[in-house]
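Chains as they are written, first to last, in my numbering: chain C, 6 to 119; chain V, 5 to 120.
Watch out, some of these pointers could steer you wrong.
[Said to hold, decoys possible] Computed list of lysine-lysine pairs in BS3-like fashion (alpha-carbon distance at most 27 Å, straight line): (1) C:16 to V:115; (2) V:100 to V:74; (3) C:62 to V:100; (4) V:115 to V:100; (5) C:75 to C:62; (6) V:100 to V:82; (7) C:58 to V:100; (8) V:59 to V:82; (9) V:112 to C:62; (10) V:112 to C:16.
[What the hints assert, rightly or not] Calculated Cβ distances over 12 Å to all of chain V for the following chain C residues: (11) 16; (12) 19; (13) 31; (14) 58; (15) 69; (16) 73; (17) 77; (18) 82; (19) 84; (20) 85; (21) 89; (22) 91; (23) 117; (24) 118; (25) 119.
Since the hints were derived computationally from the structure, they do not count as laboratory data.
Backbone N, C-alpha and C define an ideal beta-carbon position, used for all residues, glycine too.
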Amino acid sequence: DAGITQSPRHKVTETGTPVTLRCHQTENHRYMYWYRQDPGHGLRLIHYSYGVKDTDKGEVSDGYSVSRSKTEDFLLTLESATSSQTSVYFCATRLLTSGHYEQYFGPGTRLTVT
Amino acid sequence: AQTVTQSQPEMSVQEAETVTLSCTYDTSESNYYLFWYKQPPSRQMILVIRQEAYKQQNATENRFSVNFQKAAKSFSLKISDSQLGDTAMYFCAFMKSGAGSYQLTFGKGTKLSVIP
Chain C
6 DAGITQSPRH
16 KVTETGTPVT
26 LRCHQTENHR
36 YMYWYRQDPG
46 HGLRLIHYSY
56 GVKDTDKGEV
66 SDGYSVSRSK
76 TEDFLLTLES
86 ATSSQTSVYF
96 CATRLLTSGH
106 YEQYFGPGTR
116 LTVT
Chain V
5 AQTVTQSQPE
15 MSVQEAETVT
25 LSCTYDTSES
35 NYYLFWYKQP
45 PSRQMILVIR
55 QEAYKQQNAT
65 ENRFSVNFQK
75 AAKSFSLKIS
85 DSQLGDTAMY
95 FCAFMKSGAG
105 SYQLTFGKGT
115 KLSVIP
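Okay, chain C solo, but in the shape it has when bound (with noise of 0.2 Å):
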């Protein structure tokens, strides 16, 4: 268990609003990731961060941006909200374990755009 919670858990917005969700962490991990799952295509990464300040696009990143202030905290922000970005949204930290890198998911958030 990494300690990893994310809110809101569920949320309905309409087309056009600015969405934030909230990752956070206990564990003091450098490394957070926002990956989306979809039907018939597994979980895709939208952006990551390897320390305070410092984040990174990944393969899904249009139409989102990320920030980090504190270590625990990492916002996933969708600037105007579309109805393609309906999907559940998994935050994940690295973890060292036993000698080897390994990711541990938060329980999602399930976001429908209307």
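With chain C held as given, fit chain V onto it using these hints.
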């Protein structure tokens, strides 16, 4: 770029039987990890097993074991003595090791149903 392919969208197995889920991947990297994640109906992503590419020995975790064929770029998951709680989506994932983002690249998943 890496790709991960899971060719079985759905599978079923009788309780107590053995089932094997397939995964192939494509990469030019020499140092990497491979993982299997389980996603039950609760939606939580649970790490099942990890394989380091430099290790020839196949990883095992209780009833879960892998068949790692590096030359063939194949990484299958075997579940022995299947239980009802094994019903879930299973995702194969690739992680490049060494410097970089350590991001995961996932396959599209296999939905496994364990039948009583």
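Status of the hints after comparison with the structure:
1. With a C-alpha separation of about 26 Å, the suggested pair residue 16 (chain C) and residue 115 (chain V) falls inside the 27 Å cut-off, and the hint holds.
2. Restraint check for residue 100 (chain V) and residue 74 (chain V): satisfied, since their Cα atoms lie roughly 14 Å apart, inside the 27 Å limit.
3. A threshold of 27 Å between alpha carbons decides the hint, and for residue 62 (chain C) with residue 100 (chain V) the separation of about 17 Å falls inside it, so the pair holds.
4. For the hint linking residue 115 (chain V) to residue 100 (chain V), the alpha-carbon distance of about 25 Å falls within 27 Å, and the restraint holds.
5. At most 27 Å may separate the alpha-carbon atoms for a hinted pair to count; residue 75 (chain C) and residue 62 (chain C) meet this at roughly 19 Å.
6. Of the supplied pair hints, the one linking residue 100 (chain V) and residue 82 (chain V) holds, its CA atoms being roughly 23 Å apart against a limit of 27 Å.
7. A C-alpha spacing of about 23 Å is found between residue 58 (chain C) and residue 100 (chain V), which places the hinted pair at or below 27 Å, so the restraint holds.
8. Under the criterion of a C-alpha separation no larger than 27 Å, the hint pairing residue 59 (chain V) with residue 82 (chain V) is consistent with the structure, at around 18 Å.
9. A hinted pair counts as satisfied when its Cα atoms are at most 27 Å apart, and residue 112 (chain V) with residue 62 (chain C) qualifies at roughly 21 Å.
10. For the given pair, residue 112 (chain V) sits about 25 Å from residue 16 (chain C) by alpha-carbon distance, which is consistent with the 27 Å threshold.
11. The beta carbon of residue 16 (chain C) is kept farther than 12 Å from every beta carbon of chain V, the shortest such distance being approximately 15 Å.
12. Non-interface status of residue 19 (chain C) relative to chain V is upheld: no Cβ of that chain comes within 12 Å, the nearest being about 24 Å off.
13. Every CB of chain V lies more than 12 Å from the CB of residue 31 (chain C), the least distance being 17 Å, so the non-interface label holds.
14. Taking the minimum C-beta to C-beta distance to chain V, about 16 Å, the non-interface status of residue 58 (chain C) holds against the 12 Å cut.
15. Residue 69 (chain C), annotated as away from the interface, keeps every beta carbon of chain V farther than 12 Å; the closest lies near 15 Å.
16. The claim that residue 73 (chain C) lies off the interface holds: its Cβ sits roughly 14 Å from the closest Cβ of chain V, which is beyond the 12 Å cut-off.
17. No beta-carbon of chain V comes within 12 Å of the beta-carbon of residue 77 (chain C); the shortest separation is about 19 Å.
18. At roughly 20 Å from the closest C-beta of chain V, the C-beta of residue 82 (chain C) stays outside 12 Å, upholding its exclusion from the interface.
19. Non-interface call for residue 84 (chain C) relative to chain V: holds, since the shortest CB-CB distance, roughly 23 Å, exceeds 12 Å.
20. Every CB of chain V is more than 12 Å from the CB of residue 85 (chain C) (nearest about 26 Å), matching its label as outside the interface.
21. For residue 89 (chain C), the shortest C-beta to C-beta distance to chain V comes to about 18 Å, beyond the 12 Å cut-off, and the non-interface label holds.
22. Consistency note on residue 91 (chain C): stated as away from chain V, and its beta-carbon is indeed over 12 Å from all of that chain's, at 15 Å minimum.
23. No beta-carbon of chain V is positioned within 12 Å of the beta-carbon of residue 117 (chain C); the least distance is around 14 Å.
24. For residue 118 (chain C), the non-interface assignment is confirmed: its Cβ lies about 19 Å from the closest Cβ of chain V, beyond the 12 Å cut-off.
25. With a cut of 12 Å on Cβ distances, residue 119 (chain C) stays outside the contact zone with chain V, its closest approach being about 21 Å.
Comparing the model with each earlier hint shows no violations; every hint is respected.
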